[in-house]
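> Build out the structure end to end from the sequences listed, making use of the hints.
Chains as they are written, first to last, in the numbering used here: chain A, 1 to 373; chain B, 1001 to 1101.
The hints are simulated quantities; they were obtained by calculation from the structure and are not laboratory data.
Note that the structure is a prediction, hence the values are computed from the model and not measured.
Built from N, CA and C at the ideal position, the CB exists for glycine as well.
Keeping only pairs whose Cα atoms sit at most 27 Å apart, straight-line, the calculated BS3-like set for lysine-lysine is: (1) Lys-300/A / Lys-328/A; (2) Lys-335/A / Lys-68/A; (3) Lys-303/A / Lys-286/A; (4) Lys-1093/B / Lys-71/A; (5) Lys-251/A / Lys-1017/B; (6) Lys-63/A / Lys-1068/B; (7) Lys-287/A / Lys-300/A; (8) Lys-66/A / Lys-359/A; (9) Lys-1051/B / Lys-251/A; (10) Lys-68/A / Lys-1093/B; (11) Lys-107/A / Lys-202/A; (12) Lys-1093/B / Lys-66/A; (13) Lys-107/A / Lys-251/A; (14) Lys-202/A / Lys-156/A; (15) Lys-251/A / Lys-359/A; (16) Lys-202/A / Lys-150/A; (17) Lys-359/A / Lys-1017/B; (18) Lys-1017/B / Lys-1051/B; (19) Lys-1051/B / Lys-359/A; (20) Lys-156/A / Lys-107/A; (21) Lys-1068/B / Lys-359/A; (22) Lys-232/A / Lys-162/A; (23) Lys-63/A / Lys-25/A; (24) Lys-359/A / Lys-1093/B; (25) Lys-107/A / Lys-160/A; (26) Lys-63/A / Lys-335/A; (27) Lys-63/A / Lys-1093/B; (28) Lys-68/A / Lys-359/A; (29) Lys-335/A / Lys-25/A; (30) Lys-200/A / Lys-156/A; (31) Lys-359/A / Lys-1064/B; (32) Lys-300/A / Lys-286/A; (33) Lys-1017/B / Lys-1068/B; (34) Lys-107/A / Lys-200/A.
Distance ranges between label pairs, derived from CB positions: (35) Asp-1008/B / Asp-33/A: 45 to 53 Å; (36) Lys-162/A / His-1021/B: 48 to 56 Å; (37) Thr-213/A / Pro-1047/B: 45 to 53 Å; (38) Tyr-140/A / His-1080/B: 24 to 32 Å; (39) Asp-1091/B / Gly-234/A: 50 to 58 Å; (40) Gln-1087/B / Trp-263/A: 21 to 29 Å.
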Amino acid sequence: MPKTPLWDLPELPKNELPLHLQLQKTRVFCNNDAPTHTENIHYSGAYAAMGVDNSLRLDEFRKNFKVKIIKLNEEDMEFDLIGIDASIANAFRRILISEVPTMAIEKVLVANSSSVVQDEVLAHRLGLIPIIVDPRLFDYMSENDIPNEKNSIVFKLHVKNKRGSGERRTVFSHDLQWLPFGSEYALPTENPSDPNSNTKPKTYTSYTFSQDTLPEFSSNPITVTPGIIISKLGPGQEIELEAHACKGLGKTHAKWSPVATAWYRMLPEVILLQDIEDEDAEELVKKCPVNVFDIEDMGKGRKWATVARPRACTLCRECIREPGWEEKVALRRVKDHFIFTIESTGALPPEVLFTEAVKILEDKCERLITEMS
Amino acid sequence: MEHGSYHDLSASTVELKDEDHTLANSLRFTLNQDPRVTLCGYSIPHPSEAKVNIRVQTTGDPAKEVLKDSCQDLMMICQHVRSTFDQAVADFKNNQSSESE
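Listed below in structure tokens is the structure:
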């Protein structure tokens, strides 16, 4: 290489990193031994020596940020968040799992249970049943609160398998019956045999009115996810209980988590560093267990490999495992492109869950601002 | 709660109760992207105590104000994410209903 005087070198374009640094900043390199450049460079002055500003500009963010919905139905959704940092995407994921409230059964009053399932196991199983109701319509119940129509939901379960029926009876979650008037069980302090009292005995809840008079529930009664097996009863066995649900957060107990799970992965990027032709191409297609590559005809009987479905790539690195292949194929992940998946348990549709999660992060910031000023 | 130095406002540590990585890590990101910040980081001193310490050191501006500004930034980001997401969902639903017709 001939010597070039310093002043003849081409000037770096302003506010643009050299190609290799840009690549290291925006991609994770998945080499066959270990991934490299996994960290995100946050510090605003990280590239100050090159005259590149690494600080966050809100208008820049607004310009680059994109959301693409891939799949959406009542239960789950998949979408792309493009142009956002991992720390914020992770905040959304963490909030979805542990800080978006739902309703779940918290107290179980067992009147009679002769099934083989122990009471505490039964109560735990009941707790995990998703209740299909919008939690935003309810208040939290604190320790000293008396359960009322604004903070609790009561279900009744009374199933009996007749003696001599000769078969087992399966108890399903849809055997739970919603009690819009609240609990039917009188408190032990009440005297049921008192003939003088005309008033109804005090129960475990104190509802001032029935929940089914509320416009939200008058036409669609509160139900639980049907078809979940709670227990099995042998002949002569019986379960009679009341289940009281209240509002809570996933960080207290997973039964309040509104998602079966929520996760994201970075977009895989598969790049052929050189043309891969003929036998090599066929070998490459065969190597990949998820069919990322295709063969394209170039004419004259020659074929070459193309990357047809990079999204399917699981980064198993099978294609670069054998010596020599790492120079031909590059596997990378795009650091600011997240394929986000939310699986709802049914209380709220997944798109509402995500907006709720974002709102919760906003509230956290707002709280901090007001606390500090 | 705030632990700061009284004579040097450009550096302080803020202790947040009932918060965890969710807020602290996102704040660390927005703080680091602020050119006024020379150093910032957070730690959770003990995993069973729900609190987190955020350290902010600046080039001269009061650290408290800088932290508040990054909260504001994070809020703006969230608002933008929410509006973009809602728009994308509405578009997707429109497309789906027009396709099924």
